[in-house]
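Chemist: Generate the whole structure from the sequences, applying the supplied hints.
So you can see what is in the structure, the chains are spelled out below.
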Amino acid sequence: MTQMTYREAVRAALREAFQKDPRVFLMGEDVGRYGGGFACSKGLLEEFGPERVRDTPLSESTFVGAGIGAALGGLRPIVEVMTVNFSMLALDQIVNNAATLRHMSGGQVSVPLVVRMATGAGRRVAAQHSNSLEGWYAHIPGIRVLTPATVQDARFMLAAALRQPDPVFIFEHIMLYPQSGEVDETLGSVDIDRAAVRRKGKDVSLITYGGSLAKAMKAAERLAAEGTDAEVIDLRVLRPLDTPTTLESVSRTHRAVVIDEGWRTGSFAAEVSSQIMENGFYDLDGPVQRVCSAEVPIPYSGHLEDAALPQVETIVNTVRGLVSRHG
Amino acid sequence: VEKKDPIPLLTERLRDWGYLNDVELAEQEAGVAAEVAEAVVFAEAGPWEPVEDLLKDVSTPVT
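So the protein lines, in turn, are chains A and B. Numbered per the working numbering, the first sequence spans residues 1 to 327. Numbered per the working numbering, the second sequence spans residues 1 to 63.
Note that these hints are calculated values from the structure, not bench results. There's no promise every hint is true.
[Said to hold, decoys possible] In the DSS-like style, the derived pairs of lysine-lysine whose C-alpha atoms are separated by at most 27 Å in a straight line are:
id, chain 1, residue 1, chain 2, residue 2
1, A, Lys218, A, Lys200
2, A, Lys42, B, Lys3
3, A, Lys202, A, Lys218
4, A, Lys20, A, Lys42
5, A, Lys42, B, Lys4
[As the list claims (entries may be wrong)] Which residues of chain B face chain A? A few of them, derived with a C-beta cut under 10 Å, are:
id, residue
6, Glu27
7, Glu44
8, Trp48
9, Lys56
[As the list claims (entries may be wrong)] Reference listing, derived: stretches of chain A covered by chain B, where coverage requires no fewer than 3 residues with Cβ under 8 Å from a Cβ of chain B:
id, segment
10, 262-272
11, 304-312
Owing to the predicted nature of the structure, the values given are computational and were not obtained by experimental measurement. Using N, Cα and C, we set each Cβ at its ideal position, and we do this for glycine too.
Modeler: In structure tokens form, the structure reads like this:
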């Protein structure tokens, strides 16, 4: 096992991608000379040169479009859109081109494009830099949406993404970059199809992904201290969604709480909840609960930002309510 | 990078064109610094926004 930070894991994944496949290149704002908005590509320009680590103008639509073109032309571009907030400017290229070309060409062309972006709140950088919009992307057929929540997944999901013939979007939660974790280098790869059970439990299923996984794990620890045994599921892949893992868990625990940093209305948590209701209703001892963000642009002030986001405390309280109601 | 900074560039140009002299510039800078300092004191002395106001001003109230 090797200890490294999430940021170092992303960098190691990028370096490995460059070494393994000469068609791979990285482009985006500040990825070269500056080393990346979150320092993920630091040193890669020096190591691999300006042909493969390319600084782009501040124009998301242009460089995501160029990435789609490069992918169509036979390269394996990794496009870094600094954060999901700025990806709004590239939505036309993503939704209308990257996601549709396979279908609209009658299967003649595929777009093997990988787009990485930071997502999420918690850094006191206010509404315009704190969105969690990966749920929007998970709505779109034709693309795959990954949310690495562990250092291990940050290390190996990129390689798996690059093996895909279709566009893959990787959402890296901003609060994860400095987090340290263990990587099993001998694994060499991870699947990008299945959810993972991060903690076994029998009383309630906490279903989450990305930046909320650590909160769910802490909540599970706290619940264990008061005699509630929580299972924690890391969805890992939001599209295509691995519903069977969730349903299997709920069939044993009979209770589900979905934790999602997106706003509650129309959230990805709503999709997970619907899947449980459609396919696992008779396994439930109580209604599916959601812990989501408050319906407000994420506030700048620290105490208000904390109040707006899912927290360990809110998860614990939600589980207590669910367990006591039907326990 | 500093050579391209629009603030010193503009200051320099205004000087060249005769719209600004050193005395006026010093006065302006002192005035701005005082205004910022006053705003910081005001902000630091203010109370935190109450958490009950979390959802305030998301939409405009219809009267």
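Chemist: Hint by hint, work out which the structure violates, then give me just those numbers in ascending order.
Modeler: Violated: hints 6, 7 and 10.
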